[in-house]
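K.L.:
In the working numbering, the protein residues as written are 1 to 266.
Derived by calculation from the structure, the hints in this document are not laboratory data. Errors might be hidden in some of the hints.
[Stated by the list, open to error] Per label pair, the in silico range of CB-to-CB distance:
id: 1; residue 1: Ile228; residue 2: Ala26; range: 25 to 35 Å
id: 2; residue 1: Glu222; residue 2: Glu113; range: 38 to 48 Å
id: 3; residue 1: Arg158; residue 2: Glu227; range: 17 to 27 Å
[As the list claims (entries may be wrong)] EDC-like cross-link-like pairs, simulated, lysine to aspartate or glutamate; straight-line CA separation at most 20 Å:
id: 4; residue 1: Lys161; residue 2: Asp106
id: 5; residue 1: Lys90; residue 2: Asp65
id: 6; residue 1: Lys160; residue 2: Asp210
id: 7; residue 1: Lys161; residue 2: Asp149
id: 8; residue 1: Lys160; residue 2: Glu80
id: 9; residue 1: Lys161; residue 2: Glu214
id: 10; residue 1: Lys90; residue 2: Asp106
id: 11; residue 1: Lys160; residue 2: Glu214
id: 12; residue 1: Lys161; residue 2: Asp210
id: 13; residue 1: Lys90; residue 2: Glu113
Positions of the beta carbon are idealized from the N, C-alpha and C atoms, including for glycine.
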Amino acid sequence: MATTIAVPGITGRMGRALAAGIFAQAGVQLAAATARPDNPLLDTDVGPLVGLEPQDVPIQSQLPDTPNLFDVLIDFTTPEATLAHIFWCKARGVAMVIGTTGLSPDHQQAIQEASTTIPIVYSANMSVGTNLVFNLLEIAARTLGGSCDMEIVEAHHRYKKDAPSGTALHMGSILARTMGRDLNRCRRPSDATGPREQGTIGFSSIRGGDLAGEHQVLFIGEGEQVEIGVRATSRATYARGAIQAGCWLAGKKPGLFDMKDVLGLD
1 MATTIAVPGI
11 TGRMGRALAA
21 GIFAQAGVQL
31 AAATARPDNP
41 LLDTDVGPLV
51 GLEPQDVPIQ
61 SQLPDTPNLF
71 DVLIDFTTPE
81 ATLAHIFWCK
91 ARGVAMVIGT
101 TGLSPDHQQA
111 IQEASTTIPI
121 VYSANMSVGT
131 NLVFNLLEIA
141 ARTLGGSCDM
151 EIVEAHHRYK
161 KDAPSGTALH
171 MGSILARTMG
181 RDLNRCRRPS
191 DATGPREQGT
201 IGFSSIRGGD
211 LAGEHQVLFI
221 GEGEQVEIGV
231 RATSRATYAR
241 GAIQAGCWLA
251 GKKPGLFDMK
261 DVLGLD
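Produce the complete structure using the sequences and hints provided.
P.N.:
Now the structure itself:
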């Protein structure tokens, strides 16, 4: 039986990538799609939005309340919209995949609370390659973290609102946690000048053009530098990971999961 999926924010960059990915993959079905109430594409079909014939999925201003219409909602919208979708799904027992970045501690607390009622996959990055890099960073931090300066360099398209990216911050958290530190204490301020304190974690953000997402972690020591990175050439990679997470999540019991669970990474 196909996994049925709802995608809010279907006309956005990630919404379109998700729609294209769902239509291209066997075993999944787009059951509902929404856009803001003032969007000129309301009431049109999703198919032409991604270069296909009509797919009998209209773009609506609200999620339909038809029972059991879809198994999973995949959310890459805004923190405010995601919070509303969390409450909506919790009230109706619908599973969620959340890839929205820039979530506050309050938003994350809402996710934690909702996961006692519904299954949720929440990840800073849905890319399979990026989640493999997360594992590699733990190994590198254990081996090199005490003797190197660490710099996380990330680049995204000109329209991205948050900086550093959620993925970059997650990478920093992995480094700090692996070394038994608090990221807030060992993070190097972006405007810092003068000699660098050894073992600090810095962040550099680049914004421009249509960059889909690049992350590079530098372990800079005396006479040696190790680089671990990943580059996305298309948003399709995030969409594929999110759809994989949605298929994995359908039918699961309540709980909070991440892409490590989906991919079976230790």
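K.L.:
Provide an ascending list of the numbers of those earlier hints which the structure does not satisfy.
P.N.:
The structure breaks only hint 7.
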